[in-house]
Amino acid sequence: MSLVSRHLEENGIPTVIIGAARDIVERCGVARFVWSDFPLGNPCGRPGDKAMQRSIVGMALDLLESATAPRTTVQTPYEWSPDHSWKKDFWSLELSGEQLARQKVEFDRQKEIARQKRESEC
Amino acid sequence: MDTSPSREPIPYVERSRSYYLAQGYDNPYNWAQHDEVPFTRLSKPLSQARLGLVTTASIYRPDLADQGPGAPYNAEAKFYRVYSLPSSERPDLRISHVGYDRVHTHADDLDAYFPLAHLQQFQREGRIGSLTPRFHGAPTNRSQRTTVEQDAPEILARLREDGAEAAVLVPI
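Just so you know, the sequences run in chain order W and V. Each residue of the first sequence is one higher than the last, beginning at 4 in our numbering. Each residue of the second sequence is one higher than the last, beginning at 2 in our numbering.
By construction, these hints were calculated from the structure, which means they are not laboratory data. Beta carbons are placed, not taken as given, at the ideal position from N, Cα and C, and that holds for glycine. Check before you lean on any hint, since a few could be wrong.
Result set (SDA-like, lysine to any residue): computed pairs, CA atoms no more than 25 Å apart in a straight line [unchecked claim]:
id, chain 1, residue 1, chain 2, residue 2
1, W, Lys114, V, Glu15
2, W, Lys53, V, Glu15
3, W, Lys114, V, Gly127
4, W, Lys114, V, Tyr81
Here are some of the chain V residues that sit facing chain W, going by a computed Cβ distance under 8 Å [stated by the list, open to error]:
id, residue
5, Val55
6, Ile96
7, Ala165
Each pair of labels, with its calculated beta carbon distance range [said to hold, decoys possible]:
id, chain 1, residue 1, chain 2, residue 2, range
8, V, Glu162, W, Glu97, 47 to 53 Å
9, W, Gly15, V, Glu126, 25 to 31 Å
10, W, Glu97, V, Arg62, 32 to 38 Å
11, V, Ala66, W, Ala72, 41 to 47 Å
12, V, Gly127, W, Ser99, 33 to 39 Å
13, V, Pro63, W, Gly61, 20 to 26 Å
14, W, Ser88, V, Ala66, 29 to 35 Å
15, V, Ser89, W, Gly51, 22 to 28 Å
16, V, Val104, W, Thr76, 21 to 27 Å
17, W, Asn14, V, Gly25, 36 to 42 Å
18, V, Arg8, W, Ala54, 33 to 39 Å
When you get a sec, could you build the whole thing from the sequences and use the hints?
And the structure:
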């Protein structure tokens, strides 16, 4: 999506990204980015918390107007949990050899599904 | 392996590299990296502008495997062409086709990953001039080349057809 953002900006359409994978977005380099330090899967706010979601989407609208230069990242004020241990679980390397092997089998199976689907749709 | 303190943001680039290597792949994903960043200013107040919306969520297909909420990763639900749907209706979009955090969140609230309803409310309140009549779906898990040469130009063309003067992009 960061690459899409760059293409739109290059062609005269201002953009703002609402997201959670900060290093991936900033490494690619985008004009405007509203970032929450959340698990991937709910960039607009905690599920069920409509007030938080509205606040985050509102910050993106504000940033569309207020940014004066590229690479403007705004961090939202929300914390997923006072305990940040959730960050250890994603793409965790703290797995046994057996768990890793099981994951690889499933990973390869899904990759093959994706490959076949890509070939049939393109 | 990263040794970041727990309060630091997750270093996804480094962690994905380690994760792939641990699984025995010697070609970890090469995340895009650019020094120069293009920038376009908004040409008018947002209250007078037409706003587009782009998502990486996928249209729910009952004929495919479990798409959640809470479904395991499901490559069958991936899509490889840009899609567009009317903004006037609430779509059924799912995220089982991407690698989100299935331990700590569960994809059980569309508004948490697809902000159309919130944008419509901002429009009713006059914060946004108008929304484009369609929103657009951007394929994921493609080569950077495919994104840059095929998908991004397609999304630009559709936003232009819609008269979009700015766009909100929401990657899962």
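Cross-check of the supplied hints:
no.	hint	result
1	W:Lys114 x V:Glu15	holds (21 Å)
2	W:Lys53 x V:Glu15	violated (33 Å)
3	W:Lys114 x V:Gly127	violated (45 Å)
4	W:Lys114 x V:Tyr81	holds (14 Å)
5	Val55	holds (7 Å)
6	Ile96	holds (6 Å)
7	Ala165	holds (6 Å)
8	V:Glu162 x W:Glu97: 47 to 53 Å	holds (48 Å)
9	W:Gly15 x V:Glu126: 25 to 31 Å	holds (27 Å)
10	W:Glu97 x V:Arg62: 32 to 38 Å	holds (35 Å)
11	V:Ala66 x W:Ala72: 41 to 47 Å	holds (45 Å)
12	V:Gly127 x W:Ser99: 33 to 39 Å	violated (56 Å)
13	V:Pro63 x W:Gly61: 20 to 26 Å	violated (34 Å)
14	W:Ser88 x V:Ala66: 29 to 35 Å	holds (31 Å)
15	V:Ser89 x W:Gly51: 22 to 28 Å	holds (25 Å)
16	V:Val104 x W:Thr76: 21 to 27 Å	holds (26 Å)
17	W:Asn14 x V:Gly25: 36 to 42 Å	holds (41 Å)
18	V:Arg8 x W:Ala54: 33 to 39 Å	violated (25 Å)
Figure legend: structure checked against the earlier numbered hints; hints not met, in rising order: 2, 3, 12, 13 and 18.
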